[in-house]
Structure formats: structure tokens, C-alpha cells
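Chains H and A are the protein sequences, given in the same order. Counting from 1, position 89 in the first sequence corresponds to residue 89 in our numbering; the numbering is continuous, with no gaps. Counting from 1, position 42 in the second sequence corresponds to residue 42 in our numbering; the numbering is continuous, with no gaps.
In case anyone wonders, no lab produced these hints; they're calculated from the structure. We put the CB at the ideal spot given by N, CA and C, even for glycine. Do not rely on the hints blindly, as some may be mistaken.
[Claimed, not checked] Here are the simulated PhoX-like cross-link-like pairs (lysine-lysine), alpha carbons at most 25 Å apart as the crow flies: (1) K36(H) <-> K68(A); (2) K9(H) <-> K44(H); (3) K71(H) <-> K68(A); (4) K19(H) <-> K37(A); (5) K22(A) <-> K22(H); (6) K44(H) <-> K42(A); (7) K22(H) <-> K68(A); (8) K107(A) <-> K22(H); (9) K71(H) <-> K40(H); (10) K68(A) <-> K44(H); (11) K37(A) <-> K41(H); (12) K44(H) <-> K71(A); (13) K40(H) <-> K57(A); (14) K71(A) <-> K19(H); (15) K68(A) <-> K42(A); (16) K68(A) <-> K40(H); (17) K37(A) <-> K22(H); (18) K68(A) <-> K9(H); (19) K71(A) <-> K22(H).
[Said to hold, decoys possible] FRET-style restraints, in silico, Cβ to Cβ: (20) S12(A) <-> N17(H): 37 to 47 Å; (21) L54(H) <-> E79(A): 24 to 34 Å; (22) E15(A) <-> K9(H): 25 to 35 Å; (23) I55(H) <-> E15(A): 38 to 48 Å.
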Amino acid sequence: DTAVSQTPKYLVTQMGNDKSIKCEQNLGHDTMYWYKQDSKKFLKIMFSYNNKELIINETVPNRFSPKSPDKAHLNLHINSLELGDSAVYFCASSEGTGTNTEAFFGQGTRLTVV
Amino acid sequence: GENVEQHPSTLSVQEGDSAVIKCTYSDSASNYFPWYKQELGKRPQLIIDIRSNVGEKKDQRIAVTLNKTAKHFSLHITETQPEDSAVYFCAASVTGYQKVTFGTGTKLQVIP
């Protein structure tokens with residue numbers, strides 16, 4: 001009965017490939033996020049969606065394309081993977097606009113580009 | 001945009017001692033300050049938060065303080081235990097703006 005679940009947990013792929021990470025939340029939240037955590041543990045926001053609409057894009061290369069088919073899902077597609085994309089990617093969700101509440105994180109996807 | 005600085009980056013304490021982690025933020029409009037704990041190989045999880053209308057909040061061995069004038073906030077852990085060992089992140093955000101800016105993290109090690 002996981003609140004925020006993302007798949008896969010591990011992803012090893014070669015440079016130049018295209019890959020997707022899926023995220024789903026069953027909390028009824030309106031807002032979902034993608035964060036990137038690098039080897040130094042820095043947690044940096046990439047995207048934020050509210051009710052399927054993109055509201056934050058933090059100067060992420062356009063090789064990264066989020067897609068939200070509905071407010072419970074936010075998937076991340078990455079084209080032409082590069083070595084520097086290796087990191088742990090966390091999906092998260094929180095309640096909607098106008099509130100500041102806890103962000104619930106998924107378990108993370110460890111992406112390794114070789 | 002918001003910039004959150006966090007110190008120290010690593011902290012070692014003896015079991016039973018106190019640990020203090022400090023953060024500063026740049027955007028005076030920020031009014032929500034959560035703290036997350038991330039154990040090795042796991043997801044970040046909220047441990048405590050504070051809003052700008054409050055100067056201090058406690059939850060058992062954990063307390064947070066906020067100085068809005070100085071744009072400082074701190075996490076205090078008393079009577080530390082080995083299970084407190086983790087990376088701790090402070091964060092700041094503004095009501096109505098769906099962006100939480102995280103600090104750079106503090107790796108806390110509690111030595112038994």
C-alpha cells in the first residue's frame with residue numbers, strides 16, 4: 001500500500017539510450033515533483049506539476065520530458081542519456097495549490113549510465 | 001530564487017550528546033520550513049516542520065527554531081541515538097508556490 005511508488009528501482013543503461021521512469025501516487029495529491037539527487041546527496045528539483053500542468057521547470061535539459069497523464073501519475077522520459085545523468089531520481093507528491101505540506105517521496109530510481 | 005545554505009556538511013557526535021544543524025535562506029517570502037531525514041539507501045522523510053508564525057516547535061527529542069529576521073532556522077536533536085545517523089535536509093518554500101528548495105544536507109553520525 002505504497003503512497004508514492006516509482007519504477008524501476010534500478011536502471012543501468014548505455015549512453016545515448018532513451019529510458020523512462022514511472023511514478024504513481026495514491027494519496028489524492030494535486031502536486032507531483034521530480035527531484036535529482038547526485039553523488040554528493042544534493043537534492044535538486046527538476047519539475048513540478050499541479051493537476052497535470054507543468055508549473056516548475058528548473059532549467060533541466062530538454063532531453064528530460066515529464067508527462068502527466070493524470071494527477072496521480074508523473075512519468076519522466078530521458079532521451080540520449082549521458083554519463084552525467086547518473087543519479088538517484090526521486091518522485092514526490094504533496095497537497096495542492098496554496099498550501100505547504102509534507103512532500104512524500106518515492107523510493108527512488110538509481111540510474112547508472114555506462 | 002530561493003537559496004538555502006546548510007551547515008555543517010558532516011557532524012559526528014557521541015551517543016547521548018546533542019546535535020545542531022543550521023540553515024539560512026535568502027527569500028524573505030519563505031514561510032514553510034520542513035526538515036527531512038534520509039537514511040542510507042532510503043527515501044527522504046519528513047521529521048518535523050515549522051511555519052513562519054511560530055518561533056519554535058518540539059517533538060520529543062527533536063526541536064526546530066526559526067528566526068525570520070535573521071533568516072535562520074535550526075534543527076536540534078537531544079540525547080542522540082545510533083538510529084539518528086542519517087543525512088538531514090532542511091528546506092524552505094513559499095505558500096502557493098510549488099517549489100521546495102532543499103539545503104545541501106548534513107550527514108550525522110552518532111557514535112555508540
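Evaluation of the provided hints:
Note on K36(H) and K68(A): the hinted pairing is violated, with a Cα-Cα distance of about 29 Å set against a maximum of 25 Å. The hinted pair formed by K9(H) and K44(H) meets the criterion: a straight-line CA distance of about 19 Å does not exceed 25 Å. As the CA atoms of K71(H) and K68(A) are separated by approximately 34 Å, the hinted pair breaks the 25 Å bound. Our distance criterion of 25 Å between C-alpha atoms is broken by K19(H) and K37(A), whose separation comes to about 29 Å.
A distance of roughly 35 Å separates the Cα atoms of K22(A) and K22(H); the hinted pair therefore is violated under the 25 Å criterion. Between K44(H) and K42(A) the CA atoms are separated by roughly 16 Å; this keeps the pair inside 25 Å, and the hint holds. Between K22(H) and K68(A), the direct Cα distance comes to roughly 39 Å. Violation of the 25 Å bound is thereby established for this hinted pair. As the CA atoms of K107(A) and K22(H) are separated by approximately 29 Å, the hinted pair breaks the 25 Å bound.
As the CA atoms of K71(H) and K40(H) are separated by approximately 31 Å, the hinted pair breaks the 25 Å bound. Among the hinted pairs, K68(A) with K44(H) is consistent with the structure: their alpha-carbon atoms are about 24 Å apart, no more than 25 Å. This hinted pair checks out: K37(A) and K41(H) have alpha carbons roughly 12 Å apart, not beyond 25 Å. At most 25 Å may separate the alpha-carbon atoms for a hinted pair to count; K44(H) and K71(A) meet this at roughly 21 Å.
Proposed proximity of K40(H) and K57(A) is contradicted: the alpha carbons are some 29 Å apart, above 25 Å. Of the supplied pair hints, the one linking K71(A) and K19(H) is violated, its CA atoms being roughly 41 Å apart against a limit of 25 Å. Pair hint K68(A) plus K42(A) does not hold up; C-alpha atoms about 32 Å apart against a cutoff of 25 Å. About 29 Å separates the Cα atoms of K68(A) and K40(H), which puts this hinted pair outside 25 Å; it is violated.
Between K37(A) and K22(H) the alpha-carbon distance is near 24 Å, which keeps this suggested pair within the 25 Å criterion. Our distance criterion of 25 Å between C-alpha atoms is broken by K68(A) and K9(H), whose separation comes to about 39 Å. Taken as a hint, the K71(A) and K22(H) pair is broken in the structure, with Cα atoms around 37 Å apart against an allowance of 25 Å. Roughly 41 Å separates the CB atoms of S12(A) and N17(H), a value that falls within the hinted 37 to 47 Å.
Taken as a hint, the range 24 to 34 Å is violated for the pair L54(H) and E79(A), whose Cβ atoms sit roughly 45 Å apart. At about 32 Å, the CB distance of E15(A) to K9(H) agrees with the hint of 25 to 35 Å. At roughly 44 Å, the beta carbons of I55(H) and E15(A) sit within the given window of 38 to 48 Å.
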